[in-house]
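> From first to last, the protein sequence lines are chains D, L and H.
Under this note's numbering, the first residue of the first sequence is numbered 1, with each subsequent residue one higher.
Under this note's numbering, the first residue of the second sequence is numbered 1001, with each subsequent residue one higher.
Under this note's numbering, the first residue of the third sequence is numbered 2001, with each subsequent residue one higher.
One thing to keep in mind: the hints can contain errors.
Said to hold, decoys possible - Straight-line distance between alpha carbons at most 20 Å, and here's what the computed EDC-like set of lysine to aspartate or glutamate pairs gives:
(1) L:Lys1227 - D:Glu152
(2) D:Lys18 - H:Glu2032
(3) L:Lys1218 - D:Glu85
(4) D:Lys18 - H:Asp2300
(5) D:Lys88 - L:Asp1067
(6) D:Lys174 - D:Glu152
(7) L:Lys1123 - D:Glu147
(8) D:Lys12 - D:Asp29
(9) H:Lys2038 - L:Asp1067
(10) D:Lys18 - D:Glu36
(11) L:Lys1070 - L:Glu1093
(12) D:Lys203 - D:Glu33
(13) D:Lys203 - D:Glu85
(14) D:Lys18 - H:Asp2076
Note that these hints are calculated values from the structure, not bench results.
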Amino acid sequence: MGEIVLSVKGLKTYFYTKSGVVPAVDGLDLELERGETLGIVGESGCGKSTAALSIMGLIPSTEGRVEQGEILFKGRNLVTLPRVEMRKIRGREISMVFQEPMTSLNPVLTIGRQVAEVFVVHRGLNQREALKETIKMLSLVGLPMPELRLREYSHQLSGGMRQRVMIAMALACKPDVLIADEPTSALDVTVQAQILQLINELKERLGTAIILITHDLGVVAEAAEKVLVMYAGKAVEYSDVNGIFDNPEHPYTKGLLASIPGHKKHGQRLDVMEGSTPNPGDHSGGCRFYPRCRYARGICRTSEPELFDLGGGHLCACHFV
Amino acid sequence: MTNYVFRRLLAVIPVIVGVIAVVFILTSIVPGDPARLMVGQRGDPATIQKLREDLGLNRPLWQQFIDFFKGVVTLDLGRSYRTRMPVIQAIAERLPITARLALASMALAVTSGVTLGMVAALKQNSMLDYGSMIAALIGISAPSFWVGIMLVVLFCVQLRWIPGTGTGDGSWIYLVLPALTLGMRPAALIARLTRSGMLEVLGQDYIRTARSKGLTEKAVIIGHALKNAMIPVITVVGTGMAEMLGGAIVVEKLFSLPGVGRLGIEAILNRDFAIIRGQVLFMALIFVVTNLLVDLSYPLFDPRIKYGRTWRRE
Amino acid sequence: MPAERAKGMVPDNNRGDRSEGKVCSLWRDAWERLKQNKAAIAGLFLVAVITLAAVFAPLITKYDPGVQLVWTQGPDAQLVPPGTDHWFGTDIYGRDIYSRVVYGARVSLQIGVASTIISVVIGVILGAMAGYYGGLVDDIISWLTNVIFAFPFLLFVLALVAYLPPGLPLMYAAIGIVNWAGVARIVRGQVLSAREKEYVEAATVVGGSDVRVIVKHILPNILAPVIVQATLGMGSIIMLESSLSFLGFGIQPPTPSWGYEIDQGRQYLLAGAWWWSAFPGFAIMALVLGFNLLGDGLRDALDPRQNVGEGR
């Protein structure tokens, strides 16, 4: 067991829309150890991106807020931290990389300016020093001829290169935690592998803990050490990567793994999970997976299961384990 | 980049030719004989004939057009039928006033419009937002000359803060009301555009990225959002300036300013077609040139246009 | 196993199967959205009220707009401030300003509607031709629109009408001749993008003549932005007409015209008689505001993400 660098307890993040309250994250617990990669898996709408934004403090106040819960980082609760303090942490101690490299970089500012900005703001360097550090960072992420890149604009780079720039910006100040929200989903398959490899290498080098959010089990199998499975705003299973893939306990996890086409022989039917992703809030006090679970019993409808420790660090939220 | 500049310049030429042609046709199809109209009913035929000779009205139409065209290219727009002063000179005399008015109005419009629009966007859906946008709508809908009159009633008659209309002793105070009047509509348009542009930009992913880097909100808005949001505003400023040079007619009449617009009205009343031709042409060409300059300035603001769509694969 | 809803939760948006959408449900949706837009309804209200006032002018005015009461009532009837008898006061000739304003609406609306119709007809035809045929046709028409755009609106129309005998029909024509360019540009853009769509290819393959394809398949889809542009354009046309009249080149007396009244009233401002210029101006503002609000509302209702021109 390593040192816990980030700990989330009972996080509830609700959005307030014209049609009602959307509880995107509804009681999430997770722990991140120093230097490890935690993969968060789940379908679209399960709240994983919202959880990431909540940790970063990037939930727009006009749309929603963190209703309850604690996010403990280096002894402080990020939920209650004043904005000024949070800004110092963002980009320096906890950073984020987003899904769409196409639109995540400012089209009218140079690459150099956007990366150097991080050094200027957080390390107080002047423009020239910041640019020198930027060149170092850009070559660290594998961009050829970084000096030329400084004056280029995002539209002149390919998707993979842009994502490398994003990573450079995020890791510039050697943060303790890097949150990568579907960093490869918008990229070509070959580029995906390169980016994952890059993230891994940098993690080794800088000792950064990584939260890797994805809906792709292949990515998780490749890159993560621990896996957290999310469903309808909560964690339903947590284990190291082998535990999840070899011994899935939660019916949802089992269903996910079974749906991967690779297992079947030619001509066999694919295993499909019945039902569709629930809307946040669509449950009535019982287990949220109840409508789609093939093992469901009466108790599942009325009582929501807690995360039980099955031994060896393997947690599962189901009544029947 | 040079490709872009070149193409824009090339595209402008046929338009300029068209403009010259239209202006010429416009002033040539006027019913009646210009010479007779100028001399009046009681002029004797001999004078009228001489005048026609002088003005080259007896030559075939297409030849008059060639003359006119040649003149334009050499910046000789002919002479006023009335005063025999070169048209260019007549315009040049009046231009400074109009230009000063246009600049003052636009400066006012941009500063107030951008500020109002930004505040409205940042405090979206607040009372301030609704209030500003309603004010902007009224600003677009109210006739400028009427607003000018109301301002005169308020500031000259009732409050006596401003001495009067006209250029007076030349001090800047005489520009205040005209600039407010002329600048009101562009200010309203700019405010609306800034607000919508800002709102759209603030919803973009790269703003979220900027925030995730730990920048202050001020740095995000000024450093990241503003430049993107301003791009459509530039167009409005450009076309607004050009419109002002043409729309100052009304304001100049209202405030008795001896500008280019007034020149045009006098010329129309005096049936001085040379001046009318010259002036309309002048206004139109300024319009075209201003738009061209605006187009050419885009690359400064939007690098995507500057560097085209060259892509490099990894 | 129906998913039960907890209190106040989000209704399911992925309900998937909608009932078969008919073409006119597009308009119905738009109408629904428009109804909810309070500003647009306010604009519609303004326009409707003024239009009705113009139509029923004789019924709602006490005095005839041309009657100069100085002849019957003497100098006391001159420049009477707004009061119970004359809601908007009287002018230097003793004419009732309220009724001049009401009748003035007729002029403005007539010009607005007629000019808009002319511009739309010319604009749609030329714009559609430019977009559909492309090539030389497009080049010529685009060049023409660019030339027209090069002239400041007011100046151009002014130059056109200055020497023509005064009268409404010529005014309509003059404005229409200039204003079609805005419509044509939008129509051309829409036709260009519609042309690429598959249903147009299908229609041509099946053997429809060009005109048939354009009219039956392309036009219904470009209707929306044209409507928006026409509505917003009404506002600028009315503004233009009043500017022309203010300058003295528009509608001539004795027909009451708002812009002309504003100009006439200027001379008496210093004497304190503000009402002559003020009320016609309010009328212009109200009508133009109405069209602008309505136009904005229509734009949002017909396609919330569309980027149609601001009108001039």
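> Against this structure, judge whether each hint is valid.
Hint by hint, here is what the structure shows:
no.	hint	in the structure
1	L:Lys1227 - D:Glu152	holds (17 Å)
2	D:Lys18 - H:Glu2032	holds (17 Å)
3	L:Lys1218 - D:Glu85	holds (16 Å)
4	D:Lys18 - H:Asp2300	holds (18 Å)
5	D:Lys88 - L:Asp1067	violated (72 Å)
6	D:Lys174 - D:Glu152	violated (24 Å)
7	L:Lys1123 - D:Glu147	violated (40 Å)
8	D:Lys12 - D:Asp29	holds (10 Å)
9	H:Lys2038 - L:Asp1067	violated (58 Å)
10	D:Lys18 - D:Glu36	violated (40 Å)
11	L:Lys1070 - L:Glu1093	violated (23 Å)
12	D:Lys203 - D:Glu33	holds (13 Å)
13	D:Lys203 - D:Glu85	violated (25 Å)
14	D:Lys18 - H:Asp2076	violated (61 Å)
Checked against the numbered hints given earlier, the structure breaks hints 5, 6, 7, 9, 10, 11, 13, 14 and satisfies all the rest.
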